[in-house]
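Q: Chain order of the listed sequences is D and W.
One rule links them: number in our numbering = place in the first sequence (from 1) + 101.
One rule links them: number in our numbering = place in the second sequence (from 1) + 101.
Keep in mind that the hints are not guaranteed to be accurate.
In this list, chains with the same sequence are indistinguishable; a pair is considered to hold if it fits within one copy or across any two.
[As the list claims (entries may be wrong)] Distance condition first, Cα-Cα at most 20 Å in a straight line; then the derived EDC-like pairs of lysine to aspartate or glutamate:
(1) K254 x E240
(2) K109 x D163
(3) K305 x D220
None of these hints come from the bench; they were simulated from the model.
Single-letter residue listing:
There are 2 protein chains.
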Amino acid sequence: MNMTNKAKAVVLVSGGLDSITVLAMALKHGYQCHTLSFDYGQRYGAELVAAEKISREMGVTDHKVVNLNLNSIGGSALTDDAFAVPESETEGIPITYVPARNTVFLSIALGWAEVLNADNIFIGVNAVDYSGYPDCRPEFISAFEAMANVATKAGVEGRKIAIRTPLIDLSKGEIILRGLALGVDYGLTVSCYQATESGEACGKCDSCRLRRQGFVEAGVSDPTRYSV
Amino acid sequence: MNMTNKAKAVVLVSGGLDSITVLAMALKHGYQCHTLSFDYGQRYGAELVAAEKISREMGVTDHKVVNLNLNSIGGSALTDDAFAVPESETEGIPITYVPARNTVFLSIALGWAEVLNADNIFIGVNAVDYSGYPDCRPEFISAFEAMANVATKAGVEGRKIAIRTPLIDLSKGEIILRGLALGVDYGLTVSCYQATESGEACGKCDSCRLRRQGFVEAGVSDPTRYSV
Chain D
102 MNMTNKAKAV VLVSGGLDSI TVLAMALKHG YQCHTLSFDY GQRYGAELVA AEKISREMGV
162 TDHKVVNLNL NSIGGSALTD DAFAVPESET EGIPITYVPA RNTVFLSIAL GWAEVLNADN
222 IFIGVNAVDY SGYPDCRPEF ISAFEAMANV ATKAGVEGRK IAIRTPLIDL SKGEIILRGL
282 ALGVDYGLTV SCYQATESGE ACGKCDSCRL RRQGFVEAGV SDPTRYSV
Chain W
102 MNMTNKAKAV VLVSGGLDSI TVLAMALKHG YQCHTLSFDY GQRYGAELVA AEKISREMGV
162 TDHKVVNLNL NSIGGSALTD DAFAVPESET EGIPITYVPA RNTVFLSIAL GWAEVLNADN
222 IFIGVNAVDY SGYPDCRPEF ISAFEAMANV ATKAGVEGRK IAIRTPLIDL SKGEIILRGL
282 ALGVDYGLTV SCYQATESGE ACGKCDSCRL RRQGFVEAGV SDPTRYSV
């Protein structure tokens, strides 16, 4: 890659373990990275703070937060106070699933990519989430990419927009090992669905359980601050 | 259609001529309609007021407004104060094109459709806009529909989500004649990109020009309040 004229990428960052690993990978590959986070009525504000802080420290070109009140359409334990965040494993599509969330996030990333003339969008979907979330599957990513290429000026003008998912086939443990090799400080990332304002994790929700198992699988110590 | 157990639809309404005609069509066909508007940093707040007022008057089940600060990603004369709304015809993709707007709006409609278990989403894209806006073309709608059916619980469970575009092959004049036949009061709709707070139209922007030509083509009087 020509480093004096870097390819531009929009990178979706939540502030969690996966998305920050993706950002480290995109930077390592020489992309000029523009990170995008969403304030969508989720319960965990600490993740948003982490997203901005880590993005800046890792040297992104720009970081933006888009406000989007998805709680007005409801339907998820992450945005709707009528549901509690579950603290034990459940079957099927979890109640923490936010309807069409990745579709919405990728769509807004696509809008920003058009403004920037960026042809790459990175998102940290991965295999661990397949079984539960329809919009984490490879067939979803392919279908979104096909749509993106007819939805935009870039597509009309014959350029090709790529949705890049470097974690899609990795386990949580593998993701952690790749990130550590790239110098990611996981102590700064926040995965918990109900983290405290200072970023302390509950240790009980789905996201905390997956994260904990990931560090065990990777065989490295877990820097997360758990309240239990 | 069984009127005691109506099929549910999410209908995107901007408060303009096209989307209100679509709503009249969906209601006429017996759908239980849930209307959705966006406050996305556009300049014309009068359109949003019209969207809610007309929706309620036409008997929708529910109307929601999602806030979304697209102006933070910029790039359009409709959301970015750095650009002026053009008052003469331009070639190619107009500067009033909001990057990936229909993709974003349909994605959020898809999220609400999931929450409601609605399998139909109506949007007022039409032929007049083809040449300028990539995301008004039939190939975009097909690609979005394909994506929607792998993105959602409905798709995973084998139901079929349909993106319905009843205006897609109609001219502005034809749209107006269909709407009048369904009792639409176009005096209440707002199309202008820079309408005053009370809903008075500039008469000069692309949207005003198309609307004026439409009434001429339809051969009916134009109830719009123009300031010039």
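Q: Classify it for me, K109 with D163: is the Cα-Cα distance of at most 20 Å met within a copy, between copies, both or neither?
A: within (11 Å within a copy, 41 Å between copies)
Q: Go through the copies and call it for K254 and E240: within, between, both or neither, with a Cα cutoff of 20 Å.
A: between (24 Å within a copy, 14 Å between copies)
Q: Within a copy, between copies, both or neither: which one fits K305 and D220 at a CA-CA cutoff of 20 Å?
A: For K305 and D220, the Cα distance exceeds 20 Å both inside one copy (38 Å) and across copies (35 Å).
When held up to the earlier numbered hints, the structure conflicts with hint 3 and nothing else.
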